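Those sequence lines, one after another, are chains D and S.
Quick note on numbering that gives the first Met the number 0: the first sequence kicks off at 0 and runs consecutively.
Quick note on numbering that gives the first Met the number 0: the second sequence kicks off at 0 and runs consecutively.
No lab work stands behind these hints: they were computed from the structure.
Among these hints, one or two may not hold up.
Listed below are several chain D residues computed to face chain S (Cβ distance under 7 Å; list not exhaustive) [claimed, not checked]:
| id | residue |
| --- | --- |
| 1 | Ile27 |
| 2 | Leu29 |
| 3 | Gly48 |
| 4 | Val53 |
Computed from a predicted model, the values in this text were never measured in an experiment.
Don't be surprised by glycine CBs; every beta carbon is placed ideally from N, CA and C.
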Amino acid sequence: MRAYATLIGQFIRASVQQELAYRANFLISLMHSLLNAATGVLGVAVLFGQVETVRGWDLGATLAVLGVYLTVGALRDLVISPSLDALAGMDGEVWTGRLDFTLLRPVDIQFLASVRHWRPFALVDLVIGIGVLVAAAARLDAAPGPGDLGAFLVAFGAGLLALYAVLLAFIGLTFWSPGFLFSWVFSGLFQMARYPVGLYPGWMRLALTWVVPVGIITTVPAQALAGDVGPGLLAGSVIAAVGLFAGATALFRAGLRRYASASS
Amino acid sequence: MNHRGGWALIRRTWASWMQYRGFFFLLAFGWMIPPLVYLFVWSTAAGGATVGGFSRGEFVAYYLVLILVNQLTYAQTNWIVGDVIRGGGMSQWLLYPLAPAYHVLSSELAGKVVYMIFVVPVTAVLAITLKPELHASLADVLAFVPALIFAWMLRFLWGYWLALLAFWSTRADALLAVQDALVFLLAGQVAPVALLPGVLGSAAEMLPFRYMVGFPVEVLTGQVSGTELATGFALQVGWLAVALGLTWILWRRGVRHYAAVGG
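Modelling step: build the complete structure from the supplied sequences, incorporating the hints.
Structure (structure tokens):
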């Protein structure tokens, strides 16, 4: 266990050293982050400038969903995506065969594939995301109590695990079709997580909660913050997240067994 | 001007793009999602009543047309221009016996065809399932065609002059990202421009971004007529002239300033 913690520390150090060489990029990524958050918040504000509530969602609760979306997205950009995406696509390790060198390392491959690369600039997104979340919490009808915060943290953890599981599963599929960018499909669908699943039509709501678990990732945590989640839904999303994680791990390992290297 | 060579280049680029259509379908899919999100959100908000004068079906019609217009006017080629200038590929472009604009135009046209092959059927399926309410008169359709062409030219040239700043600064494409964000907010994606509140709304009407996407959509869905239509076209053509002027100046000065890297 200690060795794994040390490894993570080393990976972070190496990534920070690499990124510090591109200082001008910091300002540019700061600008991107601010633009992204500003367009998101303004979008919600324009909607609730026209209507008071939509299907029970008001400004505060919808803003909370956006806050969770930005925060989860920041954590994804911080480590999950940079690490996993190194495997996918036409210049990814599976396609080029560079995965050989990764496989040779004496550590668990799923661990290595998941935490190898870090993008420290994503910390800016994290700060912005948490800022939106706090601003939203202040606008909720009832200020969240300690019980709500606890439920929120559980739901948020489950959402993050579900997001990681889905991304890992897509990377697992890379072993069957190395050139196809499965994670792009998900990135497209994930943008729907900006708004509560309740705002989508009926047939999509079910799909977005349980098939592409966008609902578990952003809507349920935001509902928990507002105190609108019963123990049933909370337990359901934890079970779904753990199930997804187990399934994704199995898929990834099955894919890994198919890997037969590549060469020019 | 060597137009036959230009046409050959366009055909060649189109053929090479079709080889990678799976990749481009994936890109088009990603670009469709943000307007789709707002289609669902606004049509749910309208429910059985109206919001800001739009009924559920009118929101659906507005956003379905917007998905098509957005894809038709999106000038993704401009992202390449910066890379070509930075990477030294511009030297090759300048050596062709063709106006360098043909290189950009050819991938523009190739892109439009490839993306449309994906976007049109998907939009058609959405139109059948979501039941839009589109009451376009013949006059609306006739006004839509020039509005769409000007919108494409404006969005293309506006991005092109921004991309040409790469002659002076290596990170000029950051400005393209700003443009994308402004288009997202002010061109009628987050909400039809008529629904934007106060300052945001009046800024959207004056700035060029509405005339790149939202304006033709509003024309086809019958939201603008009479003097509004005339003012809209005047502003669109005015901004187009500004973009043309800036492109002309920046191109002439930029090429003189250009020095290739490599060896």
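Tested hints:
The beta carbon of D:Ile27 is positioned within 7 Å of a beta carbon in chain S (closest approach about 5 Å), and the interface hint is therefore held. A hinted interface residue such as D:Leu29 counts as satisfied when its beta carbon comes closer than 7 Å to some beta carbon of chain S; here the least separation is about 11 Å, so the hint is violated. Contact between D:Gly48 and chain S, as hinted, is supported at the beta carbon level, the nearest pair being about 5 Å apart and thus within 7 Å. At a threshold of 7 Å, the smallest CB-CB gap from D:Val53 to chain S is about 5 Å, leaving the interface hint in force.
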